[in-house]
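Participant: Each chain, letter by letter, is given below.
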Amino acid sequence: MIYLKLFWEFFKTGLFAVGGGMATLPFLKAMGEGNGWFTDADLMNMLAVSESTPGPIGINMATYVGYTIGGVPGAVIATIGEVTPSIIVILLIAAVLQSFKDHPLVGKVFYGLRPASAGLISAACVGVALQVLTGVRTASAGAVNVLTIDPAVSLLNWKGLALAAVLLALTNRVKVTRNLHPIVFIGLSAVVGMLFCFAGV
Amino acid sequence: MKELWDLYITYAKIGVMTFGGGITMLPILQREVVDHKGWATEAELMDYYAIAQCTPGIIAVNTATFIGHKRKGAIGGILATLGVVTPSLIIITLLAEIIRRFSHLPVVENAFAGIQVCLCVLIFDAVMKLKKKAVIDKPTTVIYILVLLGSVFLRISPIWFVLLSGLAGVLLKNREVKGK
Numbered sequence: 001m002i003y004l005k006l007f008w009e010f011f012k013t014g015l016f017a018v019g020g021g022m023a024t025l026p027f028l029k030a031m032g033e034g035n036g037w038f039t040d041a042d043l044m045n046m047l048a049v050s051e052s053t054p055g056p057i058g059i060n061m062a063t064y065v066g067y068t069i070g071g072v073p074g075a076v077i078a079t080i081g082e083v084t085p086s087i088i089v090i091l092l093i094a095a096v097l098q099s100f101k102d103h104p105l106v107g108k109v110f111y112g113l114r115p116a117s118a119g120l121i122s123a124a125c126v127g128v129a130l131q132v133l134t135g136v137r138t139a140s141a142g143a144v145n146v147l148t149i150d151p152a153v154s155l156l157n158w159k160g161l162a163l164a165a166v167l168l169a170l171t172n173r174v175k176v177t178r179n180l181h182p183i184v185f186i187g188l189s190a191v192v193g194m195l196f197c198f199a200g201v
Numbered sequence: 001m002k003e004l005w006d007l008y009i010t011y012a013k014i015g016v017m018t019f020g021g022g023i024t025m026l027p028i029l030q031r032e033v034v035d036h037k038g039w040a041t042e043a044e045l046m047d048y049y050a051i052a053q054c055t056p057g058i059i060a061v062n063t064a065t066f067i068g069h070k071r072k073g074a075i076g077g078i079l080a081t082l083g084v085v086t087p088s089l090i091i092i093t094l095l096a097e098i099i100r101r102f103s104h105l106p107v108v109e110n111a112f113a114g115i116q117v118c119l120c121v122l123i124f125d126a127v128m129k130l131k132k133k134a135v136i137d138k139p140t141t142v143i144y145i146l147v148l149l150g151s152v153f154l155r156i157s158p159i160w161f162v163l164l165s166g167l168a169g170v171l172l173k174n175r176e177v178k179g180k
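Residue numbers (the numbering used here), protein chains in the order written: chain A, 1 to 201; chain B, 1 to 180.
It should be emphasised that the hints constitute simulated quantities derived from the structure, not laboratory data.
Don't take each hint at face value.
In silico SDA-like cross-links for lysine to any residue, where the CA-CA straight-line distance does not exceed 20 Å [claimed, not checked]: (1) K129(B) to K101(A); (2) K132(B) to A169(A); (3) K70(B) to A12(B); (4) K178(B) to L105(A); (5) K159(A) to V108(B); (6) K178(B) to P104(A); (7) K12(A) to I159(B); (8) K132(B) to I183(A); (9) K101(A) to Q53(B); (10) K101(A) to I145(B); (11) K101(A) to V170(B); (12) K129(B) to V126(A); (13) K12(A) to C54(B); (14) K12(A) to L164(B); (15) K132(B) to R178(A); (16) K129(B) to L156(A).
For clarity, every value in this text was computed on a predicted model and none was experimentally measured.
Using the sequences plus the hints, can you model the full thing?
Facilitator: Below, the structure is given as structure tokens:
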């Protein structure tokens with residue numbers, strides 16, 4: 001029963017992803033790899049659309065992934081699955097709001113949880129960057145991942161690396177562009193991709 | 001009944017106006033929920049927002065549930081959440097179908113290949129911002145590096161890292177208290 005599985009996978013994502021939309025990325029990556037539902041490249045395309053359309057990224061991603069796997073019912077079920085843990089947890093907290101905020105245990109748990117969340121998203125970022133900018137791939141070897149080189153693509157994607165360097169400068173260093181909305185950079189990159197045939201076709 | 005409908009519609013509006021996520025929706029919430037509707041004070045919104053950031057799930061959904069609950073109890077929380085996800089469901093479903101039909105065109109493939117590079121940079125930027133707030137001393141640096149390496153090289157679910165690091169946080173903080 002695909003819909004039940006879909007609900008369960010997104011319920012888990014909603015329950016364990018702490019820190020908003022981007023924090024769901026490592027879970028979605030694991031979901032694609034574990035079930036064979038979509039590839040990392042598919043996920044990147046879905047993230048691109050989710051970042052550049054109205055709505056919170058996390059919800060857009062859930063809807064898109066759900067739609068890819070199970071059509072319109074899949075989209076609805078994945079989204080409901082992802083928000084269900086939020087609703088339960090927040091309703092519980094709302095009932096005891098003051099004591100939750102001041103409880104020492106909460107601060108302790110989050111002291112450990114925050115760097116872990118940053119680590120998980122960093123790892124997803126490494127995986128994505130290798131996939132997009134290099135010919136290095138992570139392949140499973142039992143319980144561990146090993147790095148391999150895909151002979152079908154060149155080791156370094158020079159056009160991609162050049163664009164990445166420009167974008168890094170524009171989003172961090174250049175004062176006038178630093179605070180622009182991400183959609184500006186996405187649009188710019190789409191145009192650059194088309195002009196310089198980034199997909200090689 | 002009217003108020004429940006109002007919650008749903010207002011949050012659907014907020015969903016449409018949110019681009020991206022997290023911090024980008026805060027000014028919209030301030031305008032709609034605090035200034036227009038008077039459903040919460042500025043200070044309450046800040047509290048909700050702070051808790052929403054450190055509890056599981058999507059930040060937008062968490063704040064919606066909070067405000068909905070404050071107005072109309074559990075059913076209000078659920079309706080506000082359904083409101084905030086409705087625009088995504090409609091827009092993404094339509095777009096997904098259009099993109100599926102055109103994704104094989106070379107011009108679309110090239111555009112997406114360019115966008116993928118941009119996403120690497122955007123994710124990197126997001127991580128660096130997050131890291132600044134999360135990695136604040138030696139123990140958190142160790143947790144960050146262990147989770148990063150573990151997640152790249154081991155094939156285990158991210159859930160385990162979340163559970164273990166939460167536990168590590170408690171143990172580390174307890175030891176710190178005892179040491180003083």
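Participant: Is the Cα-Cα distance between K12(A) and I159(B) 20 Å or less?
Facilitator: 8 Å, holds
Participant: Next pair to validate is K178(B) with P104(A); report whether the Cα-Cα distance is within 20 Å.
Facilitator: Distance ~14 Å between K178(B) and P104(A) Cα, so the pair holds.
Participant: Hey, K101(A) versus V170(B), does the alpha-carbon distance stay inside 20 Å?
Facilitator: 16 Å, holds
Participant: Are K132(B) and R178(A) close enough, with their CA atoms no more than 20 Å apart?
Facilitator: Between K132(B) and R178(A) the Cα gap is close to 18 Å, so the pair holds against 20 Å.
Participant: Does K178(B) pair with L105(A) here, judged by a C-alpha cut-off of 20 Å?
Facilitator: 15 Å, holds
Participant: Between K70(B) and A12(B), does the CA-CA distance stay at or below 20 Å?
Facilitator: 18 Å, holds
Participant: Hey, K101(A) versus Q53(B), does the alpha-carbon distance stay inside 20 Å?
Facilitator: 12 Å, holds
Participant: Is the straight-line distance between the alpha-carbon of K101(A) and that of I145(B) 20 Å or less?
Facilitator: Not satisfied, since the Cα-Cα distance of roughly 28 Å exceeds 20 Å.
Participant: Between K129(B) and L156(A), does the CA-CA distance stay at or below 20 Å?
Facilitator: Roughly 27 Å between the alpha carbons, so the hint for K129(B) and L156(A) is violated.
Participant: Are the Cα atoms of K12(A) and C54(B) separated by 20 Å or less?
Facilitator: At roughly 16 Å apart (the allowed maximum being 20 Å), C54(B) and K12(A) satisfy the hint.
Participant: Hey, K12(A) versus L164(B), does the alpha-carbon distance stay inside 20 Å?
Facilitator: 16 Å, holds
Participant: Given the hinted pair K132(B) and I183(A), is their alpha-carbon gap at most 20 Å?
Facilitator: Violated - the C-alpha atoms of I183(A) and K132(B) are around 24 Å apart, more than 20 Å.
When each numbered hint is compared with the structure, violations occur for hints 1, 8, 10 and 16.
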